[in-house]
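Engineer: In case you want the letters, here they are:
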Amino acid sequence: MITILSKIPNDLWGASAYIFSKYAPLFYFGAKNTLIIALSGTIIGLIIGLGIGILRALPVYDYDSKLKHSVVKFIRFITSIYVEVFRGTPMMVQAVFIYNIFLPVFKNAKLFAGIVIVSINTGAYMAEIIRAGIQSLDKGQNEAARSIGMNNFQTMVFIILPQAIKNAFPAIGNEFVVNIKDTSVLNVIGVTELFFQSTTVAGIIYRFSDTFFVTALIYLFLTYSTTLILKYVEHKMNLGGYDGPQSQTTPLIKAHYVEKEKTL
Amino acid sequence: MIIQIDHLVKRFGQNEVLKDVSLGVNKGEVISIIGSSGSGKSTLLRCINLLESYQSGSIQFEGKNILSSIKEINSYRAQVGMIFQSFNLFSHLSVLENCVIGQMKVLKKSRADSERLALETLEKVGLAQFAKTSVMTLSGGQKQRVAIARTLCMEPKVLLFDEPTSALDPEMVGEVLNVIKSLALEHRTMIIVTHEMSFAKEVSDRVLFMDKGIILEDGTPDQLFNNPKEERTKEFLSRFRTQ
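So the protein lines, in turn, are chains Y and D. No gaps in the numbering here: position 20 of the first sequence is 101 in this note's numbering, and each next residue is one more. No gaps in the numbering here: position 5 of the second sequence is -14 in this note's numbering, and each next residue is one more.
Quick caveat, the hints were computed from the structure, so don't treat them as lab data. Among the clues, some could well be false.
To be verified - Lysine to any residue pairs mimicking SDA-like chemistry, simulated, CA-CA at most 20 angstroms apart:
#1 Lys103/Y to Ala283/Y
#2 Lys220/Y to Ser34/D
#3 Lys52/D to Phe234/Y
#4 Lys191/Y to Leu116/Y
#5 Lys52/D to Met237/Y
#6 Lys89/D to Met237/Y
#7 Lys113/Y to Ile299/Y
#8 Lys52/D to Leu139/Y
#9 Lys113/D to Gln244/Y
#10 Lys262/Y to Leu303/Y
#11 Lys312/Y to Leu116/Y
#12 Lys52/D to Pro140/Y
#13 Lys220/Y to Leu74/D
#14 Lys149/Y to Leu48/D
#15 Lys149/Y to Ile51/D
These numbers come from a predicted model, not from an experiment.
When you get a sec, could you build the whole thing from the sequences and use the hints?
Structural biologist: Laid out in structure tokens, this is it:
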């Protein structure tokens, strides 16, 4: 042990390189769990958010029955409690609370516990993101869908959601990036994610700043590469559309091209 | 009578937009509604399509109150097509898909049948070559023609046009009006809210003049434009001619 400690270089970069090469498997294990929790949590959170967001955006019209009006009001009330509670309290507190409530289940399945906690927390944020995405759409989209006879469900699934999700994509991706960082609070319940592993490494060699410098670089690598991938996907998704200013009179050149290709 | 409106009253809060409107629409009739903005023209149209609810009165479609069964509201809407001032095309779909989606989801037709009718209809409005194009890339006039095609694909019994050319540049108005004219020649039942006076005069069987939430005058284009009975109608028309 003494021999290991004496081998660590004294400068930050040298020490960090040494620590990383020496404890790579531990960091790798932590980073892997961090990614697993963040990715599953974001995906499950998105599914929860879609459900809640749709419920919160359910339309009621004057001609609908009184019962439907009250049911919708009730749903909005319940879902808003969920959203406000989970957005209004720290995830670290939620983690300790939920973990201990379900201790018998979670004790031997900490990774699973982490995923559940991040999912529930993300779901609340996603619900707001989805709702904002739905509300940002022009009212005319809803009216046009109803005017050709679509019911509320069809309007939502075929017309509103595809556009709302596309608009909300940057915010959804951002939640993933935030989650990569925020999984670090799960160390409080002993999930072996990157932060937890770093504490372990730092404890072994008793070099905190050097170890956590490595940790910071790994987090940065994870978040930055994720951001790049998300930007690329976003770019791909927008290829079909055109967002710039547009003349009413002249169709875009693209349309002309299509016309030419077809007639040739 | 395909549509019978009786004593319709619509309020937005304190503001009474429609005051006791009654109107019968015969099958195959083309009706234009003119009047200054705020007179309730668009609201009347939106009430017919149930995009707005109303406080009292009734609307009957083929002899049946449209509010008698909430479950049938959607299928009723599919029979009464609406064309909007701002097109409201589904911007995430191609031109063809805009015309197909309603047929498949609402009328439960097969994709092949839906596409066949969609292409036929797009041909009719002169846009078949744009079928695969994103609607975002079209000009305003083209967008409105796609919107008309989308509605026609539902094979509605009545067409409602809510100021179909008001959002268009002047040079695009013609192409859209020509499409509507061709529909009038097919003897479709249509109600058109418009500010295009010469168009209304040419295409309609009946013209209604609305003012402050009531139908003030109702007659043939010839009567209403050349020989208006009401002082208010004369005033409105004269202002239009001098403009």
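Engineer: Would you pick out the hints that fail for this structure and give their numbers low to high?
Structural biologist: Every hint satisfied by this model.
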